[in-house]
Structure formats: structure tokens, C-alpha cells
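Number of protein chains: 2
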Amino acid sequence: MNPSMNEAPTHDGELNARDQLIDAASQIMRDGDTVDLSLSELSLRSGLNSALVKYYFGNKQGLMLALLERDMRNIVNSLDALVAKDFPPDEKLRVHIRAVIGTYFRFPYLNRLLMRMVRDASPEVSRKIADDYLLPISHAYSKLIDEGVKKGLFRPIDPQLFYFTVTGAADRFFSARLVLHHCYGQSEVTEQMRDDYADHTLDIIMPGLLKRPD
Amino acid sequence: MNPSMNEAPTHDGELNARDQLIDAASQIMRDGDTVDLSLSELSLRSGLNSALVKYYFGNKQGLMLALLERDMRNIVNSLDALVAKDFPPDEKLRVHIRAVIGTYFRFPYLNRLLMRMVRDASPEVSRKIADDYLLPISHAYSKLIDEGVKKGLFRPIDPQLFYFTVTGAADRFFSARLVLHHCYGQSEVTEQMRDDYADHTLDIIMPGLLKRPD
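Protein sequences, first through last, are from chains G and W. For the first sequence, this note's numbering gives the first residue as 1, with consecutive numbering after it. For the second sequence, this note's numbering gives the first residue as 1001, with consecutive numbering after it.
To be clear, the hints were calculated from the coordinates, so they are not data collected in a lab. These figures come from a predicted structure and were not determined experimentally. Be aware that a few hints might be false.
To be verified - Cut-off 20 Å, straight-line C-alpha distance, at most; resulting in silico cross-link-like pairs (DMTMM-like, lysine to aspartate or glutamate):
(1) Lys60/G - Asp1036/W
(2) Lys211/G - Asp1203/W
(3) Lys151/G - Asp199/G
(4) Lys1092/W - Asp1195/W
(5) Lys1211/W - Asp199/G
(6) Lys211/G - Glu1069/W
(7) Lys1211/W - Asp203/G
(8) Lys92/G - Asp36/G
(9) Lys1060/W - Asp36/G
(10) Lys150/G - Asp90/G
Given the sequences, and given the hints that come with them, work out the whole structure.
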């Protein structure tokens, strides 16, 4: 089913409705601590006819892929740009870890969505997700760790395992709200908590990575 | 619907069928990188009539709670026993982190299941999950960190944030298989990888926690 004449979007409207649907999906995942989308909730949240999902994205999976692209593309590009810059690798890593924690604070569903798509999509789409996001990030980690080791700053560590460490640390915001609510009576994860957690994570991770004098 | 006469379990059989259903749920979650259970798959995997879920657990959520109890009870008890022991707090923490990584390697769905139950259950059940598992773990972390700080071994760190760090590190096995498969052509997470990852995690975390000389 295509949008009826009344709903037929102008060029500007087209961009808007498409982005509105992606935004609504993002908000549902964020607020609900879930990566499950129902078309009726999407329609309610966006104020748009859920038939537009088919029109713009083919199906729900297409919408989820578009959301993934919106959130992941930026990470991959920023990381590549950071690695290429000319300042010390330990400083690059600090900037990167803060950025990852900031991203997962804004989009706490991101890692779940990525893994859900890799798991459920067709082999071709999974391959494309891996090629577009996972492999570039993996290569950037190798390059960054290698640079730090060559400059005598980092212990030689496995970049693949280190990628798990960083993602693991950042991925906490997905369930943090639930733990905080039920254990500590806090109702939300604030920007102050994000910053405290970033400081904490850097304090914990960096000494384990940096080569100690002697 | 209750089991028919033919299926009516003996006392021994009762234990068996109940445990078999819990085991089957655990395997489905582990193999499928999911915490979604379908009754038909459960029936297929366990070789048991899915009506037994209602008989033993009331409903699917009851089965998921029983699985959570099986996997979490052990963690909480071991952690309490460890904290009470009389050996240095840094050594306790190393033992604990290895144990958590070992547990998540065996039950990679565990954190997702815990959060799913806290999110979806009734307020009373969520409260009970928090009281039974989350709060005791949180208290044990406070006690352990406090002991290390008092003995001059640990920097003073926030035990709540540190709990996120450790769970985050251990929680990687849920998606690790997918990343490894698509990025590195590896087909499974082996015990060797688990041990390497535990070594790596301790190498990264401990220096950030331990007070350095001067």
C-alpha cells in the first residue's frame, strides 16, 4: 500500500516524514529499553500512517537498517578521522572512549540494534553491516593500538578484545536505568552520570593500557 | 491444561521434566543469541509437551524466572561467600571477575534475561528480582571495594559504576560470536578465548583500581 494522494509527500515533506519515522523508532527503542518495534506504536509516536514505513523503507527491517545507518555512520567516520589525526594515540583513545560513551548515552539501544540486525538479516545484509561498520571499527582499533605500541606508549594488547572492553563499558546505558531505578531509587541517567561514568571508565581502562615507566 | 494421565510425572520425573524445560530454555537463548522464547521451539528442543510450561511454571514468564533463579542464585551465593573469606581484596576481585566472565561465557543471555525480567515483570516481581539479585550484588561490591580502600590497596572508586564496568566486560559473549563470525571468520567462542579475555580484562581493569606505589 502506498500513501494516498492526501498523504503524498512533497520533496521536503518526504525528507521530513522519513526522518520522523527514524526518529520515532529511535525514541521507542530508547524509552522502552528495547529494540522491538511495533508499527502501531511507531504510528502513534510519529503521528504518521504506518503504511509510510513500507513506502520509505520496504518493511520494518528496512527502517531499522536506516536507523542503524544514521547512528553508526557517524561513529565510523569520526573514528577514522580521529585515527588519522596527528596527536598522541593515548589522547586519541581518551577522546574516542568519551565519544563512544556519549553516543551510547544518546542511543542506548545501538549495540543491541546492531547485533539484532547482524543476527536476523539475510546473509547479504549481515555481510554489508559487517563491512560498513564492524570491520572499519575493527581496523581503526588495530591501527590505533599499533600506533600506541610503536610509540612506546601502550602495552601490546589484542585490539579485538580491547574493542569488546570499550563497547562493553559503553553499552551499560541500555540497562543502567533499570538497575538504578530498582537498586538506588534513581529515576534516570543524567548527563552528570554520563560524565562521571566516562571519567570512571578512563580511570579504570587507561592505566591498564599505558606502559608503566620501567 | 494439565498434563494427561500418560504424561503425569512421578516425583523423580517431575524434577526431570521441570529441569529439562529450564535447560531447553537456556539452550535456546544461548544458541540463538536471544532472550525470546517460543513455546513450539521449547517443545521441540525439550521433547516435552509445551503444556508442561503452564503446569510447572504458570506461564512462559514463570519459566524465565525459574531460569534466572537457577543462574543468578549461584552468582549471588558465591560472591557473598567470596567477600566473607579471609584473603586480600584484590585477590578476591580477581577471582570474582574470572567467575563472572566464566558464568557469562556459559550463559551469555544472563544479563539480557535479567534486564528483560526487570523491565517486563509486574512491579512486585521486578522488586523481588532487585531484592534477590541486584541489591545483594551491589552490597557485595560496596563491601569489597571498601575493604580494598581501607587496606590501602584500592583507589576509592564508585562501586556502582564499577559494577557496570565488570558486568559490561563480561556481557560481551552475548554478541561476541556474531562479531567474530562476521569480522574475523571465527565460528565460535572457545574456552581459550574465554581465558584470554579474562586475562585481558584483568590486565586492563586491575591497574586502574590498584593504588600505585606513591
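A quick look at each hint next to the structure:
Using a Cα cut-off of 20 Å, the hinted pair Lys60/G and Asp1036/W holds, with the two alpha carbons roughly 18 Å apart. Taking the CA atoms of Lys211/G and Asp1203/W, the gap is near 12 Å; set against the 20 Å cutoff, the hint holds. This hinted pair does not check out: Lys151/G and Asp199/G have alpha carbons roughly 24 Å apart, beyond 20 Å. Straight-line distance between C-alpha atoms of Lys1092/W and Asp1195/W comes to about 18 Å, which keeps the hinted pair within the 20 Å bound.
Between the alpha carbons of Lys1211/W and Asp199/G the distance comes to roughly 17 Å, so the proposed pair stays at or under 20 Å and holds. With a C-alpha separation of about 42 Å, the suggested pairing of Lys211/G with Glu1069/W is violated against the 20 Å cut-off. Pair hint Lys1211/W plus Asp203/G holds up; C-alpha atoms about 12 Å apart against a cutoff of 20 Å. Restraint check: the Cα-Cα separation between Lys92/G and Asp36/G comes to about 35 Å, which exceeds 20 Å; the hinted pair is violated.
Simply put, Lys1060/W and Asp36/G have alpha-carbon atoms about 18 Å apart, close enough for the 20 Å limit, and the pair holds. Between Lys150/G and Asp90/G the CA atoms are separated by roughly 12 Å; this keeps the pair inside 20 Å, and the hint holds.
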